[in-house]
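Keeping the supplied structure of chain F fixed, place chain E upon it in accordance with the hints.
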Amino acid sequence: KAGVTQTPRYLIKTRGQQVTLSCSPISGHRSVSWYQQTPGQGLQFLFEYFSETQRNKGNFPGRFSGRQFSNSRSEMNVSTLELGDSALYLCASSLTTANTGELFFGEGSRLTVL
Amino acid sequence: EDQVTQSPEALRLQEGESSSLNCSYTVSGLRGLFWYRQDPGKGPEFLFTLYSAGEEKEKERLKATLTKKESFLHITAPKPEDSATYLCAVAWATNKLIFGTGTLLAVQP
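Chains F and E are the protein sequences, given in the same order. Sequential numbering from 1 applies to the first sequence in the numbering used here. Sequential numbering from 115 applies to the second sequence in the numbering used here.
Next comes chain F alone, as it looks inside the complex (with noise of 0.2 Å):
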C-alpha cells in the first residue's frame, strides 16, 4: 500500500515569497496533520484536518495556512517567508484523528529561505 507523499522534497526560496507544500495521504486517512521540524524545537505541531475541516492549530503565526480537499489531500502555504521558516515540513496521515493512534509520516519537504 502506497505511503504518505510529500512534495516537493527540497525547495529554496528567498525571504517575502511564498511556499506551498502538498501532501497525499494513505488511501482511505482522513486525518492529515502537519509538523515543522528542526534542529533546535524538534517536531512542532501546525495544523490538522479531518474531513476538510481544520481540527486543531497549533501555535503558529496566521502566515502559515493548509486545507484539505474532497480526496484527502493536503496543502499547507507559508507566506511572507522569514529566515527561521527554514525547516523540514513534515506531513502526517492516520485513519482516526491524530492524537488517538498511529501516525503515518511522509519523507517531508525540505524548505531552505535564503
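Incorrect hints may appear among the rest.
[Claimed, not checked] Calculated lysine to any residue pairs in the SDA-like style (CA-CA distance at most 20 Å, straight line):
{"#": "1", "chain 1": "E", "residue 1": "173", "chain 2": "E", "residue 2": "196"}
{"#": "2", "chain 1": "E", "residue 1": "182", "chain 2": "E", "residue 2": "168"}
{"#": "3", "chain 1": "F", "residue 1": "57", "chain 2": "E", "residue 2": "141"}
{"#": "4", "chain 1": "E", "residue 1": "156", "chain 2": "F", "residue 2": "5"}
{"#": "5", "chain 1": "E", "residue 1": "177", "chain 2": "F", "residue 2": "11"}
{"#": "6", "chain 1": "E", "residue 1": "156", "chain 2": "F", "residue 2": "57"}
{"#": "7", "chain 1": "E", "residue 1": "183", "chain 2": "E", "residue 2": "196"}
{"#": "8", "chain 1": "E", "residue 1": "182", "chain 2": "E", "residue 2": "167"}
{"#": "9", "chain 1": "E", "residue 1": "173", "chain 2": "F", "residue 2": "102"}
[Unchecked claim] Over 12 Å on every C-beta distance to chain E, these chain F residues come out as not near it, computed from the model:
{"#": "10", "residue": "41"}
{"#": "11", "residue": "56"}
{"#": "12", "residue": "75"}
{"#": "13", "residue": "84"}
{"#": "14", "residue": "112"}
Read the hints as simulated data drawn from the structure, not as lab findings. Note that beta-carbon positions come from the ideal geometry of N, C-alpha and C, so glycine has one too.
Just chain E now, kept in the frame of chain F:
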C-alpha cells in the same frame, strides 16, 4: 505548561549494551503516549502506543513502559541498526499532540 521532556539528548552504546530512554510529561488528562523512530532524512516511524499506567509493549529488542508521569523505552542488546532518533509524543485532553525533542541513539559495533 504542558510539556514533554526526553532524556538523555544523546546516547552512545556499544553493541549488546542494554539501556533505557526516558520520556517524562506534565500534561493532564493523558489520552495516549506514542513512541516513534526517525532515521536521518526520513519521517518518523511509529513504534508503540501506550494508554494507561502499567501498560507495556514489546517489539524485537524494544520494550516501552508507562507510569503516571513518564515512559521508558528499554533497548535490550542493541545492534548498530537500532541507531536512530527516538521520539515520544503525548496526546491529551485538548486533542493536540506534543512531541519531545528526541534522543539520538548511536550503537557502535
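Comparing the hints with the structure gives:
1. Only pairs whose Cα atoms come within 20 Å are accepted, and residue 173(E) paired with residue 196(E) is accepted, the gap being roughly 12 Å.
2. Among the hinted pairs, residue 182(E) with residue 168(E) is consistent with the structure: their alpha-carbon atoms are about 8 Å apart, no more than 20 Å.
3. Restraint check: the Cα-Cα separation between residue 57(F) and residue 141(E) comes to about 18 Å, which is no more than 20 Å; the hinted pair holds.
4. Between residue 156(E) and residue 5(F), the direct Cα distance comes to roughly 12 Å. Compliance with the 20 Å bound is thereby established for this hinted pair.
5. Between the alpha carbons of residue 177(E) and residue 11(F) the distance comes to roughly 38 Å, so the proposed pair goes past 20 Å and is violated.
6. Restraint check for residue 156(E) and residue 57(F): the C-alpha separation of about 24 Å exceeds 20 Å, so the hint is violated.
7. At most 20 Å may separate the alpha-carbon atoms for a hinted pair to count; residue 183(E) and residue 196(E) exceed this at roughly 26 Å.
8. A C-alpha spacing of about 5 Å is found between residue 182(E) and residue 167(E), which places the hinted pair at or below 20 Å, so the restraint holds.
9. In summary, the hint linking residue 173(E) to residue 102(F) is supported, as the alpha carbons are separated by about 15 Å, within the 20 Å threshold.
10. Look at residue 41(F): its CB is around 8 Å from the nearest CB on chain E, not clear of 12 Å, so calling it non-interface is violated.
11. Residue placement check: residue 56(F) does not keep its beta carbon more than 12 Å from all beta carbons of chain E (closest about 6 Å).
12. The beta carbon of residue 75(F) is kept farther than 12 Å from every beta carbon of chain E, the shortest such distance being approximately 17 Å.
13. Chain E leaves residue 84(F) outside its interface by the beta-carbon criterion, the shortest separation being 17 Å against a cut-off of 12 Å.
14. Every Cβ of chain E is farther than 12 Å from the Cβ of residue 112(F); the closest lies at roughly 15 Å, confirming the non-interface assignment.
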